[in-house]
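Student: For reference, the chains in residue letters:
Protein chains: 2
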Amino acid sequence: MTKQELFNEICAKKSFLCTGIDPEINKLPMHLPKTIDALLEFNKQIIRHTRKYSVAYKFNTAFFEQYGSKGWEVLEESAKFVPDNVFTIADAKRGDIGNTSSMYAKAFFETMNFDAITVSPYMGEDSLRPFLEFKDKWVIVLALTSNPGAKDFQYFEHNGVRLFEKVLDSVSKWGNENNLMFVTGATKTEEFEQIRKIVPDNFLLVPGVGAQGGSLNQVAQKGINSQLGLLVNSSRGIIYAGNGEDYTEKAEKAAQFLQNQMEPWVDAVCSY
Amino acid sequence: MTKQELFNEICAKKSFLCTGIDPEINKLPMHLPKTIDALLEFNKQIIRHTRKYSVAYKFNTAFFEQYGSKGWEVLEESAKFVPDNVFTIADAKRGDIGNTSSMYAKAFFETMNFDAITVSPYMGEDSLRPFLEFKDKWVIVLALTSNPGAKDFQYFEHNGVRLFEKVLDSVSKWGNENNLMFVTGATKTEEFEQIRKIVPDNFLLVPGVGAQGGSLNQVAQKGINSQLGLLVNSSRGIIYAGNGEDYTEKAEKAAQFLQNQMEPWVDAVCSY
Numbered sequence: 023m024t025k026q027e028l029f030n031e032i033c034a035k036k037s038f039l040c041t042g043i044d045p046e047i048n049k050l051p052m053h054l055p056k057t058i059d060a061l062l063e064f065n066k067q068i069i070r071h072t073r074k075y076s077v078a079y080k081f082n083t084a085f086f087e088q089y090g091s092k093g094w095e096v097l098e099e100s101a102k103f104v105p106d107n108v109f110t111i112a113d114a115k116r117g118d119i120g121n122t123s124s125m126y127a128k129a130f131f132e133t134m135n136f137d138a139i140t141v142s143p144y145m146g147e148d149s150l151r152p153f154l155e156f157k158d159k160w161v162i163v164l165a166l167t168s169n170p171g172a173k174d175f176q177y178f179e180h181n182g183v184r185l186f187e188k189v190l191d192s193v194s195k196w197g198n199e200n201n202l203m204f205v206t207g208a209t210k211t212e213e214f215e216q217i218r219k220i221v222p223d224n225f226l227l228v229p230g231v232g233a234q235g236g237s238l239n240q241v242a243q244k245g246i247n248s249q250l251g252l253l254v255n256s257s258r259g260i261i262y263a264g265n266g267e268d269y270t271e272k273a274e275k276a277a278q279f280l281q282n283q284m285e286p287w288v289d290a291v292c293s294y
Numbered sequence: 023m024t025k026q027e028l029f030n031e032i033c034a035k036k037s038f039l040c041t042g043i044d045p046e047i048n049k050l051p052m053h054l055p056k057t058i059d060a061l062l063e064f065n066k067q068i069i070r071h072t073r074k075y076s077v078a079y080k081f082n083t084a085f086f087e088q089y090g091s092k093g094w095e096v097l098e099e100s101a102k103f104v105p106d107n108v109f110t111i112a113d114a115k116r117g118d119i120g121n122t123s124s125m126y127a128k129a130f131f132e133t134m135n136f137d138a139i140t141v142s143p144y145m146g147e148d149s150l151r152p153f154l155e156f157k158d159k160w161v162i163v164l165a166l167t168s169n170p171g172a173k174d175f176q177y178f179e180h181n182g183v184r185l186f187e188k189v190l191d192s193v194s195k196w197g198n199e200n201n202l203m204f205v206t207g208a209t210k211t212e213e214f215e216q217i218r219k220i221v222p223d224n225f226l227l228v229p230g231v232g233a234q235g236g237s238l239n240q241v242a243q244k245g246i247n248s249q250l251g252l253l254v255n256s257s258r259g260i261i262y263a264g265n266g267e268d269y270t271e272k273a274e275k276a277a278q279f280l281q282n283q284m285e286p287w288v289d290a291v292c293s294y
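Protein sequences appear in the order of chains A and B.
Note that our numbering numbers the first sequence so that position 119 is 141, with each residue one more than the last.
Note that our numbering numbers the second sequence so that position 47 is 69, with each residue one more than the last.
Only chain A is shown next, with the shape it has when bound in the complex (with noise of 0.2 Å):
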């Protein structure tokens, strides 16, 4: 997908919302059989009911393998049940030497034709180049991530320069804002002035909105560009907004709220 029928589809549902798909079959809702077949028509749900305020899914990885190879074709299934015009992100973190990365590059863009997929950036250019030569595919790099690790080492810093600031600087040249976003929490906004003047024109895909705590007007405050320019997740805050035979009904609700919310910040940047 490329950066304008991305903008579009957001203009047109005048949504930013990315909905997240972390199932586990333990939290299925309570009428639900607890099988691997349920979980797969539980995403299924929550994708129908949700398509319409959502303009990406974003798919943990981690939640489906732990159901081994049943779990990962569960995902496929998952991921091929999104419409072609909306955005889909492998949440996969992955990041190796150049030869692995464009296994996983194949893995995630060809095997399964994800428009996108998080990168870790520790192990430098040669771990990113593979997933960048794919046309309109997406890299999402982690910048600031939303959990307390992060100030763990992202805040390292070299005079005056702190780790994510060179992870941006350095990483939004090996590409442009047509293949490479970052991954900046919804726990930080405090830093989100500083990221955007670093990368004013890339997408910013924030988590942390919801059960980590973060605002999502601070967020549209501050990380707001031309082209809108941001993709919010929220995953159990939708996925689990309810856990009786209603749940399809809480989900939407659930992404029908966060959809009003970015309403007004859409229209002002849609309708010029």
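Just so you know, the hints here were simulated from the structure itself, not pulled from any lab data.
Please read these numbers as outputs of a predicted model, since none were measured by experiment.
Not one of these hints is a red herring.
Since copy identity is lost for identical chains, a pair holds within one copy or between any two.
Listed below are the simulated SDA-like cross-link pairs for lysine to any residue, each with C-alpha atoms no more than 20 Å apart in a straight line: (1) K92 - D59; (2) K173 - G120; (3) K244 - E285; (4) K173 - R184; (5) K173 - D191; (6) K36 - K74; (7) K173 - G197; (8) K56 - T133.
We have chain A; now place chain B onto it with these hints.
Tutor: Positioned in the frame of chain A, the structure of chain B alone reads:
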């Protein structure tokens, strides 16, 4: 597997060789069909013919994921084929926020019963913690990698401390020598003395001998500690040693060649 059990295996085999299983269908020996089933059989044959000389097997998940859920099945089956007394490593380079890392730990330690998983340190303590809670399981954290991109961020320096040193220092305090190893590339032996000052007792997983250009003797000379403390990996040099019907013999000889070079180093440690 415990550290003592690993050390016993090293002394018994007079080897600290880790054979890397990174197979590709289009690189299978000429006479084999280019199918996913042949790939599994290839892996089993390689393991059967190298296990006499290998104390560990490292499975690079990328090579399996490129084939989707079928590839993931082959990963599961191949790993099961390794004898119980041999150390198994999922070279997965995972790492995510705490609740997600728990899923990865479950995937690799429970569902697939690997002894160890490689993890990227970028997201900090809570991204590693869930892996460290498993008894007799190991986390192998990227410190100084063997690839060219290692220079991009791993040498980023604060007050004379480089990022990979900071990673070694911080991470080694989150676990101990019985559940933590570090990845240090064979192409970076000029740093091994410094690395051993920070983590004298931890095992090091050392890729980069062979195809990437690292020297086994340099690695041994600078990296060995009182319980040997090294797993040196070779992947392509072993599994692709031959391309004909004698590929199993060629792989066996390649593994034996490395074991022979390792033997005097092991003798010097195990005879104490």
